[in-house]
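Quick note, the sequence shown lines up with residues 66 to 179 if you use the working numbering.
A hint or two may mislead.
Each pair of labels, with its calculated beta carbon distance range [said to hold, decoys possible]:
1. T166 - P79: 28 to 38 Å
2. S118 - S178: 32 to 42 Å
3. N123 - S82: 18 to 28 Å
4. L76 - Q171: 10 to 20 Å
5. Q146 - V70: 12 to 22 Å
6. L76 - S135: 15 to 25 Å
Here are the computed lysine to any residue pairs in the SDA-like style, where the Cα-Cα straight-line distance is at most 25 Å [claimed, not checked]:
7. K129 - Q78
8. K151 - G107
9. K151 - S72
These aren't lab readings, by the way, just hints derived from the structure by calculation. The model shown is predicted, which means the values in this text are computed figures rather than measured ones. Even glycine gets a Cβ: it sits at the ideal position worked out from N, Cα and C.
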Amino acid sequence: QVQLVESGGGLVQPGGSLRLSCAASGSTFHNYIMGWYRQAPGNQREWVARSFSSGTTNYADSVKGRFTISRDNAKNTVYLQMNNLKPDDTAVYYCSAFRETIYWGQGTQVTVSS
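Let the hints inform the model, and build the full structure from the sequences given.
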């Protein structure tokens with residue numbers, strides 16, 4: 066079992082930046098593939114980025130070059146640095162942990178608006 070708690074969401078103007086954090090507890094953090102997903106109103110949840118314990122990272126095309134995922138295995142925390150935010154990035158952002166099953170956080174709202 067893994068418990069995930071996100072923080073760092075909020076309201077930001079287009080072109081601005083936010084950093085989301087996800088604190089994990091309950092299991093061995095470095096064994097999990099950590100990821101971020103998002104869900105905008107009326108849309109399905111979509112994958113944003115993932116981080117392997119090896120250091121490999123992958124990104125959805127829509128955020129490549131603007132978002133950076135990183136993890137601190139000593140702190141059991143994964144981050145999502147979001148730069149040059151656009152109104153289309155507005156969504157609830159969810160942290161995930163995957164090994165044999167996927168665990169979800171409760172989500173944090175990100176709103177990009179002027």
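Hints the structure fails to honour: none
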